[in-house]
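Visitor: The primary structure of each chain is shown beneath.
Number of protein chains: 2
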Amino acid sequence: MEDIITLDYGSGGMKTSRLIERYILGSFGNTVLNQLGDGAVLGELAFSTDSFVVDPLFFPGGDIGKLAVCGTVNDLAMCGAEPQYLSCAMIIEEGLPFETLERVLRSMGSAAEAAGVQIVTGDTKVVEKGRGDGLYLNTAGIGTVRHPLPGLKAVVPGDAVLVSGTVGDHGTAVMLARSGMMEGEILSDCCPLNRLTERILSSGAAVRILRDPTRGGVATTLNEFTERQPFGIELTEECVPIRPGVRAACEMLGLDPLYCANEGKLLAVCAPEDAEGLLEIMGPEAAQIGTVTENAPGRVVMRTGLGGRRILQKLAGAQLPRIC
Amino acid sequence: MEDIITLDYGSGGMKTSRLIERYILGSFGNTVLNQLGDGAVLGELAFSTDSFVVDPLFFPGGDIGKLAVCGTVNDLAMCGAEPQYLSCAMIIEEGLPFETLERVLRSMGSAAEAAGVQIVTGDTKVVEKGRGDGLYLNTAGIGTVRHPLPGLKAVVPGDAVLVSGTVGDHGTAVMLARSGMMEGEILSDCCPLNRLTERILSSGAAVRILRDPTRGGVATTLNEFTERQPFGIELTEECVPIRPGVRAACEMLGLDPLYCANEGKLLAVCAPEDAEGLLEIMGPEAAQIGTVTENAPGRVVMRTGLGGRRILQKLAGAQLPRIC
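Chains as they are written, first to last, in numbering that gives the first Met the number 0: chain A, 0 to 323; chain B, 0 to 323.
By construction, these hints were calculated from the structure, which means they are not laboratory data. All C-beta atoms, glycine included, are put in the ideal place defined by N, C-alpha and C. A hint or two may mislead.
Said to hold, decoys possible - Derived contacts from chain B toward chain A, CB cut-off under 8 angstroms, selection only:
#, residue
1, G9
2, I23
3, L41
4, F46
5, V52
6, A88
7, L95
8, F97
9, L100
10, G108
11, V119
12, D122
13, G129
14, R130
15, N137
16, R321
Said to hold, decoys possible - Chain A regions said to be covered by chain B (calculated; three or more residues, Cβ under 8 angstroms):
#, segment
17, 47–56
18, 113–127
19, 131–143
Claimed, not checked - Sample of chain A residues at the chain B side, in silico, Cβ under 10 angstroms:
#, residue
20, I3
21, T5
22, G11
23, L32
24, L95
25, F97
26, L104
27, C323
Isolated chain A, as found in the complex (with noise of 0.2 angstroms):
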């Protein structure tokens, strides 16, 4: 391990892991946090937080306010809650327009309106000029757990793995709009994810487990379902929903797609006799990509279009930074 910490520790992948077991759950790890979920579920409360740093502010499909409110939006969603509550904190960096300031908060206004949620606490922090980077955002969120669900525990060889769209939107978009090219073409999925939770755990389905695959992409979040447990997830390649202007950005700009994140997907894990009515639920870009397998455990394998198989890791260096 290195002595300094550097972009890839930020970047949800591997590293990212080793930093929050090793110096997170070291110094102040217990019961609830040592589950590492999208949220903590405190019994019918659900409590989470995230930390919002994504450059530019602004991208098409989004900006750093929608993306506050519908992160912590989904990772309430994702433990089974509806989200009600959300706090607002700012670290603002000497010499942001008063401007640029109002339209991300009006932007956060509207994607608390469109998610049913109300911010109700919040700070302001101003730090130097180069001390920052425009604008810094955290939100925190509150929901009562409406369907609490079993989690990795109750999952089992055979159920399906489904996404609820496509993959590698948010990350796409926001690193064309860094590069500058082909600036607008592919838009963020950046989008609340609580209504369509709740249609899905309303229907009775086996849900085993929901998470949303942000920093470090659909790869990363399906190794975090698999790590240290005695299944496997077996992905389809050509199952996997991937625009083709997704694709064709990646091929230029040497992302995977699989690795990149999503704001506005889900995947889930379910009983296979459910996995169709879920699809229809999730609607007509949602697909199953893969299944648990008792082969390979603690991994995921992927089958490629050729009749290969390649492990897919977590996400190991910064393929994306501040891409969220």
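For chain A, the structure is supplied; the task is to place chain B on it using the hints.
Guide: Chain B in isolation, oriented as in the chain A frame:
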């Protein structure tokens, strides 16, 4: 109003208030947020957040980690709540030594233990060198409201204004640490106040409102009490407890202790007949520093040692940037 945000807007004083009222409430105000309390009271639940950008990260009597735990614990305590769960989100600047991170995290762990709260969820982001300043933290917290407080609407002329101990210690300690002068002679008062508020509020005393005078200090917090209210507050200068070392350091640094942040003190407004009992609970350094009056509604007026009077306004500029 300027076009761009300057450091003054983060001082917790007049400009912070203007930013909040115009931009934040203008974008997503609601009945809870509009109250602008230390935290939001949502029935039996209290919810609060703060980001921490203190410079330097370590100072006599504390560090950013201890501050981040105590700050949010205290905001919840001021709502009459028992703080229970915290989140911890970090924005790390590339290049931060792991050793520094570990010291801060261990300090958070100790502070959480001292306050009797658990850190149950979190987030880690890393930004490029020159886009942060070592480490910024955010904590949000939730607690159960044990003793609902009536708030400003219950304040009446004749009520006593109490402070739980000496004033200005935190701000002075940080400014001295930053200047490199007299280092270590003044300690920050950073500490959790939830045990104290529990004793105060279970005493049966008629407490109207509690607030911890952090950024902007005692003078700014008292102005938040009187703003747009039909009463004023008269302060007696010689009753305000200030350590001689803090007074000397403030003179040297050109600061006013009444505007210096505190991180382990509270202000209480209570019925006059309960003042003595509460001072006993608060301990030997507590003092009644003022009285609620019908005179000068909306204002805080200080009677000086020489028999003069001066109006104390909210902090106008950035007396102490990045103090918490």
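Visitor: Run every hint past the structure and note whether it holds.
Guide: Quick rundown of the hints versus the structure:
1. G9: holds, 3 angstroms
2. I23: holds, 6 angstroms
3. L41: holds, 6 angstroms
4. F46: holds, 6 angstroms
5. V52: holds, 5 angstroms
6. A88: holds, 4 angstroms
7. L95: Holds. Min distance 5 angstroms.
8. F97: holds, 6 angstroms
9. L100: holds, 6 angstroms
10. G108: Interface hint status for B:G108: holds (4 angstroms vs cutoff 8 angstroms).
11. V119: At about 4 angstroms, which falls below the 8 angstroms cut-off, the nearest Cβ of chain A leaves the hint on B:V119 intact, so it holds.
12. D122: holds, 5 angstroms
13. G129: Constraint on B:G129 satisfied, holds at 6 angstroms.
14. R130: holds, 4 angstroms
15. N137: Since chain A brings a Cβ to about 4 angstroms from B:N137, closer than 8 angstroms, the hint holds.
16. R321: With a minimum Cβ separation of about 6 angstroms from chain A (threshold 8 angstroms), the hint on B:R321 holds.
17. 47–56: That given contact holds, which follows from 6 residues of the segment 47–56 of chain A lying within Cβ reach (below 8 angstroms) of chain B.
18. 113–127: holds (count 11)
19. 131–143: Holds, because 6 residues of the segment 131–143 of chain A bring their Cβ atoms closer than 8 angstroms to Cβ atoms of chain B.
20. I3: A:I3 check passes; min Cβ-Cβ to chain B is 5 angstroms, inside 10 angstroms.
21. T5: It holds, given that the least Cβ distance between A:T5 and chain B is near 6 angstroms, below 10 angstroms.
22. G11: holds, 9 angstroms
23. L32: This hint holds: A:L32 lies near chain B, its Cβ roughly 5 angstroms from the closest one there, short of 10 angstroms.
24. L95: holds, 5 angstroms
25. F97: holds, 6 angstroms
26. L104: Holds - the Cβ of A:L104 comes within 10 angstroms of chain B, reaching about 4 angstroms at its closest.
27. C323: holds, 8 angstroms
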